[in-house]
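Number of protein chains: 2
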Amino acid sequence: MKRTIITISRQFGSGGRTIGAQLAKELDIPFYDKELISLAAKKSGIEERIFENADKQAVSSLLYSLSMGMYNVSSSVIDRPDVLPLNDRVFIIQHNVIRDLAEKGSCVIVGRCADYVLREDPDAVHVFIHSDLENRVRRAVEDYQFPGEKAAASIQKADKRRAAYYEYYTGRRWGRMEQYDFAFNSDRVGLENVVGFLRDWVLRTRQD
Amino acid sequence: MKRTIITISRQFGSGGRTIGAQLAKELDIPFYDKELISLAAKKSGIEERIFENADKQAVSSLLYSLSMGMYNVSSSVIDRPDVLPLNDRVFIIQHNVIRDLAEKGSCVIVGRCADYVLREDPDAVHVFIHSDLENRVRRAVEDYQFPGEKAAASIQKADKRRAAYYEYYTGRRWGRMEQYDFAFNSDRVGLENVVGFLRDWVLRTRQD
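Same order as they appear, the protein sequences are chains W and F.
Residue numbering for the first sequence follows this note's numbering, beginning at 1 and increasing consecutively.
Residue numbering for the second sequence follows this note's numbering, beginning at 1 and increasing consecutively.
Keep in mind that the hints were calculated from the coordinates and are not lab data.
Don't be surprised by glycine CBs; every beta carbon is placed ideally from N, CA and C.
Be a bit skeptical, because a hint or two may be false.
To be verified - With beta-carbon atoms standing in for the labels, derived distance ranges: (1) D143/F <-> K34/W: 37 to 47 angstroms; (2) E120/F <-> D200/W: 27 to 37 angstroms; (3) A21/W <-> A153/F: 42 to 52 angstroms; (4) P122/W <-> T205/F: 24 to 34 angstroms; (5) E167/W <-> N135/F: 25 to 35 angstroms.
Said to hold, decoys possible - Listed below are the simulated EDC-like cross-link pairs for lysine to aspartate or glutamate, each with C-alpha atoms no more than 16 angstroms apart in a straight line: (6) K2/W <-> D200/W; (7) K2/F <-> D123/F; (8) K150/W <-> E134/W; (9) K160/F <-> E178/W; (10) K160/W <-> E178/F; (11) K2/F <-> E103/F.
Stated by the list, open to error - Here are some chain W residues pointing at chain F (derived, C-beta under 8 angstroms): (12) E178; (13) W201; (14) L203.
Model the full structure from these sequences, guided by the hints.
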């Protein structure tokens, strides 16, 4: 099989993470989510490296941000990346970890703007998972123990946070159809069907 | 097989119509596009030419489909639909034709806001097909004989017209992911793969 990177972006409670984990299992390739990316960052020592080599790495990452109008900072900041806000440094680290993981070989990556980070990787396939609010509420209550009466509001807040994070760091709108190769309403299509289709598609189309 | 209505919305040049026609063929169910809906609507007595121009004319009038309750129109207008602007009457007729066709049994319907018209039909499945501009230009030149140098601009104009028509008559934004059960980048996924997946999904999940 050729190297295949599958990024999964998803609405909160849509089952996107479950789909990603199952897909990785069936394809027998690594699965990375937020926790695992953080872990990988620590293990790889990339955090130290990025700060030691701050000049080069942070500036080049910051430059694309600047080019997209996400920052309005004076050139003195470009020369001193250590003055960047902590969140932005974290994003830059995650960005580099995702690139490193993807370079190593096939994997499934959930969230963390991976679709954006790998947007120019010809071997990356981008998937968006969404669902109706009703099903997402059910999942939030069952799987994440959200209090029932507040679940809908909490879900919408979580999605707003995801959208804001994505839009701030990428300059693109979150969940815009054109940015994804596949999009599924997980409950209407069926989680197993989504997994099965993506698995078969990868096996059929991405073999050497 | 249970009654299954598949609506296909698509960007111009994305191959959505081809996918719909092939899917209908493989499922052995009727396929309806703009021409066939116009034909079915001929009974109404409105000239076919009017239908053909329905989405090309400026969508500038105010009153339309009374059945949708989006406007608060006085009963005197409901009793006298002939006072509605012509475009709006065309939309209402198409709206009713689509409902009638869907009630008859399984089918594939391309365009004509069918996803919106059948949004509350539990047996309706909504698909959106998009693709990169580059591939859409190629298709416009090869399949529709668009002059190459103007193809990109023409495609974007055609999509703007589709979006405006959709938004005017439905009050929803065209191509918003949440409105569709499936969305595919046809060229990245492969037209045959899209057809195959939808066919298998219908056969697997919608049998009695």
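Hints and how they fare:
The hinted window of 37 to 47 angstroms between D143/F and K34/W holds, with their beta carbons roughly 44 angstroms apart. Range check, E120/F to D200/W: about 32 angstroms between beta-carbon atoms, so the 27 to 37 angstroms window is met. Between A21/W and A153/F the C-beta distance comes to about 44 angstroms, which sits within the given range of 42 to 52 angstroms. Between P122/W and T205/F the C-beta distance comes to about 33 angstroms, which sits within the given range of 24 to 34 angstroms.
Remark: the range hint 25 to 35 angstroms for E167/W to N135/F is upheld by a beta-carbon distance near 27 angstroms. Of the pairs offered as hints, the one joining K2/W and D200/W holds, with about 14 angstroms between alpha carbons and a cut-off of 16 angstroms not exceeded. Taking the CA atoms of K2/F and D123/F, the gap is about 8 angstroms. The hint holds against a cut of 16 angstroms. The suggested pairing of K150/W with E134/W holds, with an alpha-carbon distance near 13 angstroms, which does not exceed 16 angstroms.
The straight-line distance between the Cα atoms of K160/F and E178/W is roughly 15 angstroms, inside the 16 angstroms bound, and the hint therefore holds. For the hint linking K160/W to E178/F, the alpha-carbon distance of about 15 angstroms falls within 16 angstroms, and the restraint holds. Pair hint K2/F plus E103/F holds up; C-alpha atoms about 12 angstroms apart against a cutoff of 16 angstroms. Contact between E178/W and chain F, as hinted, is supported at the beta carbon level, the nearest pair being about 6 angstroms apart and thus within 8 angstroms.
Evaluation of the W201/W hint against chain F yields a held restraint, the C-beta minimum of about 6 angstroms falling below 8 angstroms. Interface hint at L203/W: violated, since its Cβ lies 12 angstroms from the closest Cβ of chain F, which is beyond the 8 angstroms cut-off.
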